[in-house]
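Same order as they appear, the protein sequences are chains C and W. Under the working numbering, the residue at position 218 of the first sequence is numbered 218, and the numbers go up by one with no gaps. Under the working numbering, the residue at position 106 of the second sequence is numbered 106, and the numbers go up by one with no gaps.
Quick caveat, the hints were computed from the structure, so don't treat them as lab data. Hints may contain errors.
The list treats identical chains as interchangeable, and a pair is accepted whether it falls inside one copy or across any two copies.
[Unchecked claim] Calculated cross-link-like contacts (lysine-lysine; reagent style DSS-like; alpha-carbon spacing at most 27 Å):
1) 287 x 391
2) 223 x 391
3) 357 x 319
4) 200 x 308
2 protein chains.
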Amino acid sequence: MSPMKVLILGIDGYLGWPLSLHLASRGHHIVGVDNFLRRRLVKEENSWSAIPILDMDKRCLLFEDMFGEKLWFYESDIVNYQAVETILKDTKPDAIVHFGEIPSAPYSMRDVYACNLTHENNVIGTLNVLHAMRDIVPNTHLIKLGTMGEYGTPNIDIAEGYFEIEYRGRKDILPFPKQAGSFYHLTKVHDTNNIIFACKVWGLRSTDIQQGPVYSTKIDIMKNDERLATRFDFDAVWGTVVNRYCAEAVIEHPLTPFGKGSQKRGFLPLRDSMQCLTIAVENPPEKGEYRTFNQFEGVYDVTYLAKKVQKVGRRLGLKININNLENPRKEREEHYYNPDHKNLLQLGYKPTGDMEKELEITMRDLLRHKDRILTKKNVLIPDIRWSGERKKSKFLGEK
Amino acid sequence: MSPMKVLILGIDGYLGWPLSLHLASRGHHIVGVDNFLRRRLVKEENSWSAIPILDMDKRCLLFEDMFGEKLWFYESDIVNYQAVETILKDTKPDAIVHFGEIPSAPYSMRDVYACNLTHENNVIGTLNVLHAMRDIVPNTHLIKLGTMGEYGTPNIDIAEGYFEIEYRGRKDILPFPKQAGSFYHLTKVHDTNNIIFACKVWGLRSTDIQQGPVYSTKIDIMKNDERLATRFDFDAVWGTVVNRYCAEAVIEHPLTPFGKGSQKRGFLPLRDSMQCLTIAVENPPEKGEYRTFNQFEGVYDVTYLAKKVQKVGRRLGLKININNLENPRKEREEHYYNPDHKNLLQLGYKPTGDMEKELEITMRDLLRHKDRILTKKNVLIPDIRWSGERKKSKFLGEK
Chain C
1 MSPMKVLILG IDGYLGWPLS LHLASRGHHI VGVDNFLRRR LVKEENSWSA IPILDMDKRC
61 LLFEDMFGEK LWFYESDIVN YQAVETILKD TKPDAIVHFG EIPSAPYSMR DVYACNLTHE
121 NNVIGTLNVL HAMRDIVPNT HLIKLGTMGE YGTPNIDIAE GYFEIEYRGR KDILPFPKQA
181 GSFYHLTKVH DTNNIIFACK VWGLRSTDIQ QGPVYSTKID IMKNDERLAT RFDFDAVWGT
241 VVNRYCAEAV IEHPLTPFGK GSQKRGFLPL RDSMQCLTIA VENPPEKGEY RTFNQFEGVY
301 DVTYLAKKVQ KVGRRLGLKI NINNLENPRK EREEHYYNPD HKNLLQLGYK PTGDMEKELE
361 ITMRDLLRHK DRILTKKNVL IPDIRWSGER KKSKFLGEK
Chain W
1 MSPMKVLILG IDGYLGWPLS LHLASRGHHI VGVDNFLRRR LVKEENSWSA IPILDMDKRC
61 LLFEDMFGEK LWFYESDIVN YQAVETILKD TKPDAIVHFG EIPSAPYSMR DVYACNLTHE
121 NNVIGTLNVL HAMRDIVPNT HLIKLGTMGE YGTPNIDIAE GYFEIEYRGR KDILPFPKQA
181 GSFYHLTKVH DTNNIIFACK VWGLRSTDIQ QGPVYSTKID IMKNDERLAT RFDFDAVWGT
241 VVNRYCAEAV IEHPLTPFGK GSQKRGFLPL RDSMQCLTIA VENPPEKGEY RTFNQFEGVY
301 DVTYLAKKVQ KVGRRLGLKI NINNLENPRK EREEHYYNPD HKNLLQLGYK PTGDMEKELE
361 ITMRDLLRHK DRILTKKNVL IPDIRWSGER KKSKFLGEK
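My request is simple: use the sequences and hints to build the entire structure.
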């Protein structure tokens, strides 16, 4: 594997920063872009990362210490086309990993302003990347972070991107129908449709990662050096379910599945996400090829996950209850769910598979920052409803 | 049928203006919004409407003369949320007909600026309408103009919006997969996905019109009063295929099918479009219901249509050749095409069906403005290629 130059859009985020470390440890050269929008938006919700994180300039210095070469960083906004053009002309990357999107379903449902900002940031940002790739680096591989949430929860198996169907006696291979469950998820569907088209008409190559929710605080290379930590959001707007459970656990707040708690999704730990993304980077598709990877380790329902966190937390001496909350979302709470995820396994993905160990690492890391979670305890309970109301969810009763 | 208050977004356009006359003649009350972006963008391409059109203030005076009541007009931009909010609070319409979108495939493929403007104008405008409806007029019926081009040309029959499929032994009713052929068409797909979601989570009601290309200069109520004329675009960016053929015919310019000319689409004359849209307005869906009407009279290939125009033109004494052009688009030129269109027929749509008569009316109207087409002859040949190049298409040879 010869070293590649990888441009990471959104390098300051939960996935962006560890991916830069992971790829650099494998000999790749890293260029990063961020506009720090995530830091600002989390502050706007009166929240913060449970684990303190360094500013990007300090991260760059650390990176250089570790790997003996610079991380080239641009503080820049990909919604500005000129900026994207300049960066691609300067750097000519072999691969672009695109995390430069606003990733929150509740935020996108907060109000028309947040919905539109999510659309503009995500959809226009991606269109700029596609146009600049066409004109400057048409052979570069775009690895775009989508979400399993693009598919929704249909009553049939979920294919990876495309599926062959027979309808009224004729056959075709068509994009799998999408039924996204929030405006955020919809922006990812819009991106997917735009990327498929760009690959078709401009011969670009892209891997669309439909990723399930990621959990855990770390990957091996971070060891116990907290200067290397990545952000960890636990509030109801920016945190995802397993990470939120872990944060609730360490302050002995009840774990809070939404509604009946039988919603199923595909989950994976941070280290598996890094492994999968690296496989995507190191195995580019053909020119003109658009491919989809459904990226998760296994399918679990959110009550099963709460019980896992409870079990591991009790082992750490924590007193943990599970109290379901009124579901602020509109979603099916009981449903069929069977998505394919063969493509990454075929390329060599080895799931780490030890969820309890991962949860223990996460909770041990969070226990050191218990006070930061306690201070912001009031942001744990969701108050953005899919209906448009702002009203805190109430507990439904204890389990 | 009791009179309704109908808000027409994009009332100054090709469909908006005749629809206001048609609905008013049936006793409905009309409110209109336009930002005149279409007039500006056509000028930007150095083109104009073949038939001169009045300014909106004069149109409003004429309207009042004809119907004895005001057309309430707002010069406003729906990309501005405050504007949409104000208009809905002021007017509380029973129905909103949404034509307020940039409707050109070539324009959206011109460059990143035009692609992004098409996305912002169309997608953000529609999101603003949906949010304002939720908060101000949640029972109002949204009639949204989409396009048959959202579906692309799959190798199976095209359903109206949803279809039942069986996959690996399980069944579900899912949105029909979309394979749009330009960034413009993609914005309509994005809108469709956003509207489906808004109906589901907010209980809005909407009719999504997947309309084929419309042709012809007039509807009956316009008689021969040219002050009532609607715009008629014939350039390669803003004109659609049959209207362009008619404009070419009257100046004895060769008719210009793209590529092999065997691309099939569903077409309809302007009077059928008005009839169908009126059926949609006067037969609202249930609260929370999202429905799709595939709106066209019949499926034809673009060579068949050229020959029809040639035949009618020759009857008018015009010398007309057909010269195919290099196809500036990336599209299948030979393909299966069998879209359903039952919903409107079931609600009473009676296709006028006499294409030759419609083409004759159109060419007679255009003949009076032959000079305006001749003056802008240079905009007839497309120079925006789907590849990103700017290069005029060459003739492939005579038929």
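Quick rundown of the hints versus the structure:
1. 287 x 391: For residue 287 and residue 391, the Cα distance is within 27 Å only across copies (24 Å; inside one copy 49 Å).
2. 223 x 391: neither (41 Å within a copy, 57 Å between copies)
3. 357 x 319: within (19 Å within a copy, 82 Å between copies)
4. 200 x 308: The answer is neither: 44 Å in one copy and 33 Å across copies each exceed 27 Å.
Hint compliance for this structure: hints 2 and 4 are not met, and every other hint is.
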